[in-house]
Amino acid sequence: MNKVTRRSFVASIGAASMVPAASALAEEAAAPPSAHTPPGTRAAAPAVYLFFNASEATFIEAACERLIPTDEHGAGALAAGVPNYLDKQLAGAWGAGERLYRSGPWAAGSASQGYQLPFTPGELFHQALRAINHDLDSRGTPFSKMSAEAQDAYLKSLEGGGADLNGVPSGVFFGMLLQMTVEGFFSDPVYGGNRDMVAWRMIGFPGAYADYYESIDRHGVKFEREPMSLGEDGQRHIHPDPNIPAHL
Amino acid sequence: MVQRLKEVDVVVIGVGMVGSIVAKELAAAGYKVVGLERGEARFTVPQFQSPAIHDELRFDIRKALMQDNTREAVTFRNQSAETALPIRRWESFLPGTGLGGSMVHWNGQTYRFQANDFELATRTRERYGSNFLGSDVTIQDWGVTYNDLEPHYDRFEYLLGTSGKAGNIRGRIVPGGDPFESPRSREYPTPPQKEHYSGALFRKAASSLGYHPFPQPSSNLSQPYTNSEGIKLNACVFCGFCERYACEHFAKSVPQTIILPVLLANPNFELRTGCQVQRINLDSTRKKATGVTYIDAAGREFEQPASLVITSSFALNNVRMLLLSRIGTPYDPAAAKGVVGRNYAYQTMSSVASFFDEDMFINPFMASGASGTLINDFAGDNFDHSGLGFIGGSFIGAVNTNGRPIQYHPVPPGTPSWGKGWKDAVVKHYNHTVMFSLHGSSVSTRQNYLDLDPTYKDAWGQPLLRMTFDFPENDLKMAAYVTAKAVEIGKAMGAKQVAGSARKGPYTTTQYQTTHNTGGTVMGSDPSTSVVNRYLQSWDVPNVFIIGASAYPQNASWNPTNTLGALTYWAIDAIKNKYLKNPGRLVSA
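From first to last, the protein sequence lines are chains Z and S. For the first sequence, position 241 (counting from the first letter as 1) is numbered 241 according to this note's numbering, and the numbering increases by one without interruption. For the second sequence, position 488 (counting from the first letter as 1) is numbered 488 according to this note's numbering, and the numbering increases by one without interruption.
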């Protein structure tokens with residue numbers, strides 16, 4: 001199999017503008033920048049949650065892991081840091097309704113008319129999670145202690161859309177949770193998910209790498225190259241920061 | 001308090017592709033031109049630079065380059081019996097904002113329409129008879145012909161440096177190009193881009209079926225190029241971050257790389273950004289514009305008097321500007337009278353996914369927005385529609401634009417949408433799938449139109465535009481027919497599984513389809529069915545020109561930008577050489 005020569009980075013790549021001043025990941029903070037710890041070898045630090053309370057986080061962590069489970073292909077949503085991604089998005093501008101037209105009057109509308117609830121994503125998650133945890137409390141078994149099959153059945157019941165979660169149709173909540181889980185899994189690690197670019201390695205996506213001029217007409221070649229994050233500096237050191245509420 | 005500014009010769013509303021070209025031409029001719037752009041100034045350096053520009057979440061998903069819909073949205077309904085509601089998040093189409101406009105985030109797919117398209121009503125009647133179409137279809141001729149526009153297509157392509165292969169030079173069929181294209185006066189400025197693996201697979205299969213594959217004309221350039229304004233562009237390196245992104249490499253033809261450096265150097269031109277035009281002002285006769293009123297980024301209101309007003313914003317915003325300014329008669333679908341907002345059209349997008357074994361590495365992430373190989377055998381009127389019950393068609397192509405994984409992770413039909421089964425399928429198919437794009441035409445109909453919403457307002461207190469649209473039966477039939485043809489090509493490629501997704505109704509705002517919104521200020525030769533004459537001059541207010549895809553009476557099988565570039569040069573020639581020498585109506589009504 002042909003192997004494409006690893007190409008040097010374009011000279012203008014510098015991580016400075018994307019790099020947070022300080023990282024809240026304990027291992028990151030402790031490691032001097034020159035430590036050259038190979039990607040993927042550090043233990044994942046527990047996320048510092050800014051948006052989710054403890055019981056919300058417990059549900060979200062378990063639910064995300066069922067949506068994208070760890071398996072023989074590699075990390076699932078939990079190990080990839082997706083709950084951390086969700087937390088930072090919901091704590092920041094996106095959660096507050098960025099890019100969402102928010103004037104009333106409000107009506108349910110047709111499926112073609114799209115999202116028509118007054119809730120921001122942050123409000124929607126809080127409302128729905130409060131109802132879900134209330135419901136789970138009444139059943140006696142916490143979601144995180146259920147069998148995988150029971151968790152899947154519960155998630156499917158949400159996906160089905162029947163339940164009213166404090167004004168949020170459960171299908172709308174599930175759809176947003178699934179969409180954001182996929183986002184967190186596949187987006188750049190600077191947003192707090194896709195830790196060590198695990199999702200990109202899994203499918204062979206090279207990330208922010210930018211030059212295929214010499215490879216595009218080498219048809220069928222297996223492109224073997226470490227993926228590249230926006231947050232990489234010249235030492236190939238990645239700077240995810242779980243505490244940046246990423247926004248535009 | 002409104003501050004009244006010194007009068008200028010020309011005010012241009014919207015400094016995107018059209019605005020940049022008309023402003024450059026008029027400033028170079030010695031006129032004082034003010035360009036009002038609602039968004040920010042932005043340039044390849046520093047705004048579009050790597051690595052920050054390669055951020056799928058920010059640009060694809062959060063739509064960082066798009067019109068701020070928290071301030072300015074569009075309301076929507078499928079049928080006029082429904083109540084329109086705001087499109088609270090952009091999905092189906094993505095109008096841009098800021099200097100350079102929507103062209104900054106385009107893919108660079110640079111097609112001409114065919115001669116037939118400009119005389120669609122006449123030629124359809126001639127070939128298929130006058131009863132062929134549904135009674136609700138309102139297609140009409142453009143009032144210009146392909147031959148009128150050919151020199152302007154040529155001029156625009158040499159401004160962009162478009163990379164392609166001619167198929168018909170002055171009537172001579174040229175091997176390797178598109179044999180269906182209408183005659184062009186010369187070869188493309190630069191040769192085609194390198195062919196992606198998916199394009200090569202498509203080419204072989206399409207040829208085996210007797211079709212006529214050719215390289216997609218691309219304004220992501222195949223080689224360095226110095227354009228007709230003396231500006232240098234670079235070769236595209238296939239980074240795979242094109243549509244919804246700006247290009248960091250000076251390789252995609254956008255106003256910043258093809259014309260703004262010349263325009264901004266001209267002291268006759270003044271750019272004002274952060275300026276939201278509220279309306280075009282008319283005098284007491286309502287037959288003459290006196291200028292525009294705008295509000296700047298700090299909330300201050302200004303009146304800018306001008307002798308000539310050119311509206312050059314996104315198609316939907318051109319329509320809204322006329323309605324807010326009460327220029328022309330708004331369209332009334334019940335009576336089928338009036339013109340502003342009439343003949344809103346879209347395009348009818350379908351797709352086909354061909355799934356291969358895991359030893360076939362397709363590498364979708366190696367891509368430019370416009371590399372690709374396609375056929376026009378089922379586009380426009382290139383095939384006999386007798387007995388099919390529809391007009392129009394689609395190009396079919398392996399138009400591999402990217403492999404960005406939040407949006408792009410194709411899985412076969414029946415795959416679970418989450419869990420282990422979903423993850424297995426994503427891993428199995430991500431790098432082993434070829435996607436075809438079927439880019440279909442759209443007829444205009446009596447019931448699809450634009451007007452002002454009675455309820456919802458923008459951040460300045462003005463009514464939002466209201467869209468009433470569903471796919472015409474004609475176009476859904478077309479999509480089903482062409483998708484079946486494309487599935488055969490997928491099978492001929494030797495794919496293990498081929499899944500066709502013909503576009504179906506109802507039209508939904510929740511799924512991205514295309515940003516090729518057209519119509520609403522359509523051009524023509526009859527003021528009772530058009531807003532502007534063949535030179536894009538308002539029938540009602542002759543010192544207002546409305547230049548945009550809002551002028552298209554219906555939409556064709558190809559991306560509309562090149563045709564808009566040609567119309568822009570066509571109109572500016574008329575403005576410079578006819579109108580400004582003798583201001584008044586260029587066509588008598």
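Heads up, a few of these hints could be off.
With a Cα cut of at most 27 Å, we get these calculated DSSO-like pairs of lysine-lysine [as the list claims (entries may be wrong)]:
(1) S/K337 with S/K457
(2) S/K504 with Z/K145
(3) S/K32 with S/K287
(4) S/K428 with Z/K156
(5) S/K491 with S/K504
(6) S/K477 with Z/K222
(7) S/K428 with Z/K222
(8) S/K477 with S/K457
(9) S/K496 with Z/K222
(10) S/K337 with Z/K222
Think of the hints as simulated: they come from the structure by calculation, not from any bench.
Going down the list of hints, with the structure as the test:
1. Restraint check for S/K337 and S/K457: satisfied, since their Cα atoms lie roughly 26 Å apart, inside the 27 Å limit.
2. Restraint check for S/K504 and Z/K145: the C-alpha separation of about 43 Å exceeds 27 Å, so the hint is violated.
3. Note on S/K32 and S/K287: the hinted pairing holds, with a Cα-Cα distance of about 23 Å set against a maximum of 27 Å.
4. Taken as a hint, the S/K428 and Z/K156 pair is honoured in the structure, with Cα atoms around 24 Å apart against an allowance of 27 Å.
5. The straight-line distance between the Cα atoms of S/K491 and S/K504 is roughly 22 Å, inside the 27 Å bound, and the hint therefore holds.
6. With a CA separation close to 40 Å, the supplied pair S/K477 and Z/K222 exceeds the 27 Å bound.
7. Restraint check: the Cα-Cα separation between S/K428 and Z/K222 comes to about 14 Å, which is no more than 27 Å; the hinted pair holds.
8. Straight-line distance between C-alpha atoms of S/K477 and S/K457 comes to about 37 Å, which puts the hinted pair past the 27 Å bound.
9. Restraint check for S/K496 and Z/K222: the C-alpha separation of about 20 Å stays at or below 27 Å, so the hint holds.
10. Distance check on the hinted pair: S/K337 and Z/K222 sit about 60 Å apart at the alpha-carbon level, beyond 27 Å; violated.
In terms of the numbered hints stated before, the structure departs from hints 2, 6, 8 and 10, listed from lowest to highest.
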